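**Q** Residues per chain are reported as follows:
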Amino acid sequence: MRIKRSVAVSENGFVFDSSTGDSFNLNGIGREIVELMKNGLEQSDITQKIIERYEVEPAIFEQNLMDFQSMLRQFNLLEE
Amino acid sequence: MAKLAYERPIINRISAGIPDKFGMQSRIRPIPQIEGLSVEELMKKYGSPLFVLSEKTIRDTYRSALKAFETRYPSVQFAWSYKTNYLDSVCRIFHQEGSWAEVVSRFEYEKALSNGVPGNQIIFNGPHKTRDDLEVAIENDSLIHIDHFDELYTLLEIAGKSATKPKVAIRVNMDTGIYPRWERFGFNYENGEAWDALNRIMLSGKLDLVGLHTHIGTYILAPSAYGMAANKLAQLAINLARKYNHHVQYIDMGGGFASKNTLKGAYLPGTDTCPTFDEYADAITSALINSEIEPDHMPTLFLETGRALIDDAGYLLGTVIANKRLPDGRRATVVDAGVNLLFTSFWYDHQVVPAVISSQHTENTTIYGPLCMNIDILRDAVMFPLLRPGERIVIPRVGAYNMTQWLQFITYRPNIVLIDTEQRVHVIREQENQNTFQTSERIPQYLK
Ligand SMILES: Cc1ncc(COP(=O)(O)O)c(C=O)c1O
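Residue numbers (UniProt numbering), protein chains in the order written: chain A, 1 to 80; chain B, 1 to 448.
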């Protein structure tokens, strides 16, 4: 699962997709995940990184991650 | 190293040029407590879903409404609109405050009597009163508001044989410049039907014409409509005084004041558009005071205000069952209270808020009830934070019409509790159970 190359993310979580002109807002952790995805990390690595840093059960995070990524797909931000 | 506080990842689309309907992103304000009592504790003790009523809010609201009218007009009498909420405890609070009863059926009439309301303080409205209903109302000296000529003829017939002269008023419908016009109840003003009915009553000599009544509609946002209605009733009173030297004792302006809930499709929230009691009172009392009714014969002003007196006092509490993602990407949250309990969700965009929140991050969410029905939508398209299963939601302003129009459908109806003015909690209607239904069902022998 990869973020499209046309998608730029600013430091404060502003997202712009130059291929569609759409823009979005990420919260802090959302921005971290998108960065990790842009760097090519797989699901398990992303989960590992996040649960190391944040107070969250892995199972809960995995659910949230799945949901988050389904929104990225919904918003057409992922490579086909 | 201590770990950071977690918040689930969120992405929201920014729609430039389409501001939020209310011009700004409203912050979610959770409701953790009602009258100082924790929502969580209330539900642990009394179950979920749960209706909660605040006695303090009922009394405060009633008193502010009464004050708005009494400071402007010499004689004011409220009559509690039973259909709006006829839980006995609620009715008794209004009666304690001085309200009479306004009923529209035998069921409500009997409830009022059993709540200790004297017969001559019960207003009997409505298009359906049986002959027997009318006889009982006459016997009890109640105020019968005539809805149509057939009822008038029945009354005349009964009055011919009865020892007591029935006390009556007519219900008048009229154009007050608002839409929809409620014209199916009572006698029309503009086409002369109301005047015709009054003449028949006066000429019969058999009925004691004590009042004039109108109920121009419900959730009326324009106080001026009441001014116009009061004007027209005053005109009828003046005509009666001129022609018959008869002075009506009261003018009843019915109900219909808006509450602070937001109507579906409204552009602005109800909290911004709802007129104050003072504005309604000003419109009505100015029309009466400035009319040509003689000062010695100013009628008592009756009001049958319903929703505006009770909506704010009621809360529906519920629990999140699940979250899902709809095919179009919207979030759906399923809760255990549905349209079966919240009938008014068909008219209102009810405010739905969490009892507690851990984050201000919200997402466009549809809130569904638990029924296996497509129409079971408590709230469409609301910005809502993600709550986990088991977390609590609060729907404020549900005191009017829900605890009477709710449906027993698929699930049992839940407890209703009243928080009294000393923060004690009383169950005022018990949760239903199998027994509730078994007592009224009968199984034929061959199916046993
Ligand atoms: C005759 C009459 N009076 C009073 C009311 C109470 O109206 P509201 O709740 O709009 O104040 C109603 C409601 O339909 C009514 O029909």
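Keep in mind that the hints were calculated from the coordinates and are not lab data.
Remember, it's a predicted structure, so these values are computed and weren't measured experimentally.
Ideal Cβ placement from N, Cα and C applies to all residues, glycine included.
There could be a bad hint or two in this list.
Claimed, not checked - Computed beta-carbon distance windows for the label pairs: (1) Ser-44/A to Asp-272/B: 26 to 32 Å; (2) Arg-29/B to Arg-73/A: 28 to 34 Å; (3) Met-383/B to Arg-5/A: 27 to 33 Å; (4) Glu-40/B to Asn-25/A: 40 to 46 Å.
What the hints assert, rightly or not - Residues of chain A clear of chain B, computed beta-carbon distances all greater than 10 Å: (5) Lys-4; (6) Glu-11; (7) Asp-67; (8) Ser-70.
**Q** Now tell me if each hint is right for this structure.
**A** Hints, verified against the model:
1. Ser-44/A to Asp-272/B: 26 to 32 Å: violated (50 Å)
2. Arg-29/B to Arg-73/A: 28 to 34 Å: holds (33 Å)
3. Met-383/B to Arg-5/A: 27 to 33 Å: holds (31 Å)
4. Glu-40/B to Asn-25/A: 40 to 46 Å: Once the Cβ atoms are compared, 31 Å apart, the range 40 to 46 Å for Asn-25/A and Glu-40/B is violated.
5. Lys-4: Holds: least Cβ distance 14 Å, greater than 10 Å.
6. Glu-11: holds (16 Å)
7. Asp-67: violated (6 Å)
8. Ser-70: It is violated; Ser-70/A is separated from chain B by about 6 Å at its closest Cβ, not greater than 10 Å.
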